[in-house]
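The listed protein sequences correspond, in order, to chains A and B. Number 235 in numbering that gives the first Met the number 0 belongs to position 236 of the first sequence; there are no gaps in the numbering. Number 257 in numbering that gives the first Met the number 0 belongs to position 258 of the second sequence; there are no gaps in the numbering.
One copy or any two copies: either way a pair holds, since identical chains are not told apart in the list.
Think about it this way: if two alpha-carbon atoms lie no more than 30 Å apart in a straight line, the pair counts; the simulated DSS-like pairs of lysine-lysine are:
(1) Lys194 <-> Lys74
(2) Lys376 <-> Lys86
(3) Lys87 <-> Lys376
(4) Lys30 <-> Lys74
(5) Lys87 <-> Lys371
FYI, nobody ran anything at the bench for these hints, they're computed from the structure.
There are 2 protein chains.
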Amino acid sequence: MRYHQETEFDIEKAAKFLELPPSRLSEIIEKGNLRQNWDEYNSIYRFEGHAPQLEDGTVLIDKHGSFELVRGFPKIKRAMLLEPALKKNFNDIDSVVVEEKMNGYNVRVVDYRGQLIAFTRSGHVCPYSTERVQNFLKRDFFMDHPDIVVYGEMAGPDNPYVQKKVYGIESLDFFVFDMRYKNTGEPLNVGQRRKLSEEYGFNQVRLLGEFNVPQASEKIMEIIRELGEKGHEGVVIKDPEMVLQPIKYTCSQSNCSDLEQAFRFYNEAGRDYLFSRVVREGFQSYEWSESEEEFRERCRRLGESILSPMKGTITQVQSGERISDDFRIRVSEENVIYRFKAYLERFGLYVIIGTPERIGEDYSVEIRKINKSTNDKTLAMLEGQLWS
Amino acid sequence: MRYHQETEFDIEKAAKFLELPPSRLSEIIEKGNLRQNWDEYNSIYRFEGHAPQLEDGTVLIDKHGSFELVRGFPKIKRAMLLEPALKKNFNDIDSVVVEEKMNGYNVRVVDYRGQLIAFTRSGHVCPYSTERVQNFLKRDFFMDHPDIVVYGEMAGPDNPYVQKKVYGIESLDFFVFDMRYKNTGEPLNVGQRRKLSEEYGFNQVRLLGEFNVPQASEKIMEIIRELGEKGHEGVVIKDPEMVLQPIKYTCSQSNCSDLEQAFRFYNEAGRDYLFSRVVREGFQSYEWSESEEEFRERCRRLGESILSPMKGTITQVQSGERISDDFRIRVSEENVIYRFKAYLERFGLYVIIGTPERIGEDYSVEIRKINKSTNDKTLAMLEGQLWS
Numbered sequence: 000m001r002y003h004q005e006t007e008f009d010i011e012k013a014a015k016f017l018e019l020p021p022s023r024l025s026e027i028i029e030k031g032n033l034r035q036n037w038d039e040y041n042s043i044y045r046f047e048g049h050a051p052q053l054e055d056g057t058v059l060i061d062k063h064g065s066f067e068l069v070r071g072f073p074k075i076k077r078a079m080l081l082e083p084a085l086k087k088n089f090n091d092i093d094s095v096v097v098e099e100k101m102n103g104y105n106v107r108v109v110d111y112r113g114q115l116i117a118f119t120r121s122g123h124v125c126p127y128s129t130e131r132v133q134n135f136l137k138r139d140f141f142m143d144h145p146d147i148v149v150y151g152e153m154a155g156p157d158n159p160y161v162q163k164k165v166y167g168i169e170s171l172d173f174f175v176f177d178m179r180y181k182n183t184g185e186p187l188n189v190g191q192r193r194k195l196s197e198e199y200g201f202n203q204v205r206l207l208g209e210f211n212v213p214q215a216s217e218k219i220m221e222i223i224r225e226l227g228e229k230g231h232e233g234v235v236i237k238d239p240e241m242v243l244q245p246i247k248y249t250c251s252q253s254n255c256s257d258l259e260q261a262f263r264f265y266n267e268a269g270r271d272y273l274f275s276r277v278v279r280e281g282f283q284s285y286e287w288s289e290s291e292e293e294f295r296e297r298c299r300r301l302g303e304s305i306l307s308p309m310k311g312t313i314t315q316v317q318s319g320e321r322i323s324d325d326f327r328i329r330v331s332e333e334n335v336i337y338r339f340k341a342y343l344e345r346f347g348l349y350v351i352i353g354t355p356e357r358i359g360e361d362y363s364v365e366i367r368k369i370n371k372s373t374n375d376k377t378l379a380m381l382e383g384q385l386w387s
Numbered sequence: 000m001r002y003h004q005e006t007e008f009d010i011e012k013a014a015k016f017l018e019l020p021p022s023r024l025s026e027i028i029e030k031g032n033l034r035q036n037w038d039e040y041n042s043i044y045r046f047e048g049h050a051p052q053l054e055d056g057t058v059l060i061d062k063h064g065s066f067e068l069v070r071g072f073p074k075i076k077r078a079m080l081l082e083p084a085l086k087k088n089f090n091d092i093d094s095v096v097v098e099e100k101m102n103g104y105n106v107r108v109v110d111y112r113g114q115l116i117a118f119t120r121s122g123h124v125c126p127y128s129t130e131r132v133q134n135f136l137k138r139d140f141f142m143d144h145p146d147i148v149v150y151g152e153m154a155g156p157d158n159p160y161v162q163k164k165v166y167g168i169e170s171l172d173f174f175v176f177d178m179r180y181k182n183t184g185e186p187l188n189v190g191q192r193r194k195l196s197e198e199y200g201f202n203q204v205r206l207l208g209e210f211n212v213p214q215a216s217e218k219i220m221e222i223i224r225e226l227g228e229k230g231h232e233g234v235v236i237k238d239p240e241m242v243l244q245p246i247k248y249t250c251s252q253s254n255c256s257d258l259e260q261a262f263r264f265y266n267e268a269g270r271d272y273l274f275s276r277v278v279r280e281g282f283q284s285y286e287w288s289e290s291e292e293e294f295r296e297r298c299r300r301l302g303e304s305i306l307s308p309m310k311g312t313i314t315q316v317q318s319g320e321r322i323s324d325d326f327r328i329r330v331s332e333e334n335v336i337y338r339f340k341a342y343l344e345r346f347g348l349y350v351i352i353g354t355p356e357r358i359g360e361d362y363s364v365e366i367r368k369i370n371k372s373t374n375d376k377t378l379a380m381l382e383g384q385l386w387s
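Just chain A, same shape as in the assembly (with noise of 0.2 Å):
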């Protein structure tokens, strides 16, 4: 790996890139909301909180003097009825294009000095991802398309986020759903990312269907139902121009998925995250006309993704063992697996790296991430303290 170390931009320049006046951009930097990566990214600068214009994540790269964007994916907003929701934020085109929304974690990825690198949503070089992804796209289409970023999703069991085997993936894997242009963040529309993604043989996401906007909602609903049983999250409902914002809608199962996962850590998973899944439940459940008996189920599925979780971990505190959040991650190279390490333990966590074990040319390891704060409060109300 080689390292740089031209740290420090021409903030002249910069602001000028970003047309901003240079003392707003200095004052960004002394604020600390534009920030410099670590090791050989160093020319890479990620915003954090609220940039003026830009995206949560956006990233701005430093050429040698001159600059590059890569900007954050934008949050897509959700659908609480998606009848209304269609009908309002539609009206004005014919049709709507309805793509899988996988659950993995979002990744961007653009060339850099001759070699990929993934981004998470947050803007961070993320190293496991990085070396993934050189498995996953070709550099040529990089090449052939120096300007345009590839955002897509990261799925399937080998992954320290989310572990999904509904998919059939054995590792890991990467699905494209967006393509951007560097620096203003512009869409391809839908059908050249499909047709470019075909062209360079990456993976998409799938395409479900295209609807006229008046019968969107009743083949949307279908298709949820659908992948819920699958235990597929969920879809995105975009403009074929993607002039208009897509929209996202989800299935119960998946809410409700999320809060198994989340209630192991009950006393880290957050009050938001409970009461947004909450309320999406709701919604969905006034919407689709449910017989009573589907009500109860949706009730007890909902109940029981909190409380099921919850048990099992004072069970396993109260026998003595540790509550973790195990993953694989599978790498070709072994110094990938200490890198990542290091990465999840900027961020403050506290990991466990087992004994990597080959598979063919790769190396798979477990990683145990502790979770001290669930595991202290439950040995707490094991010994007998009061809440509060």
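Position chain B against the provided structure of chain A, taking the given hints into account.
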């Protein structure tokens, strides 16, 4: 009603009484952490936020230059796991007294210039509770024991906060659960308090038993099961001498009933309110060796307590109605209705008062609290807006 205008107290004297340096007291006043009551109670001041050594809601009364403290009711901590909590916290005593925790609102009563007044938990003089308490408690107790503050639960259907019919109360009643000395906040022991209450004909919370500590958790679980089935709230477990801190423990049905009430106004419902109730269910479901069927029923109950009221709200707003929190109060003097309305409005609530009806000697009136946030959010979703 008499109005007293001597609103300024002597800081030197008050500081000496509170055992604080005068500069510290001045600082507390400047920060707005010691606030004068409005209306005729302007020689009453309440501590807001953290006052040194004083419970939240503690009240300072200026009696023409001498002072008196009516201490706030101390927060009772909650057992998450009954058995270990009892063992740890009551390790040093032989037996515990179990009293019913009723579901109403917490009120403190003292004699003030020849009339009983009722403070809410936060130390406000509540005009409704003050008027009502004249019927519930006789003044002779307060004349015989001017140094004692009576703490109790205002329960029953004619209730601005928690309307419960499960106690068989026609309108509203007051149930003593604590007596403490002014200034120090020292409690009377359980026996003294129950005896005094009986002597003066006060209603008391039910005494459910006194149990040896090793057997207590089993007994209390039985009690909780019975209370739960009847829709009652739970118990407070006390050291008979009131030296060790009491502990509370509640029924699953009561947790769920809280959620059911809160989630009609889902957008006003506190995230912490939801989280804490959900966590209680998790611990209870662990500790109570439930059958699979009982666990399913608990999950369903929890889910339904959230989804059912939400569904109701969306349906109601969709039909063109607006949701509101409706309750009735019953008073002897009609002007109390308007004073209570003004009182609620001081807290920023928007309330609509119905037409008072005569019931015997009393007036009964409906009060509607309008919850703008949930109405607006629900309407927005029905109109197709996106969540965020």
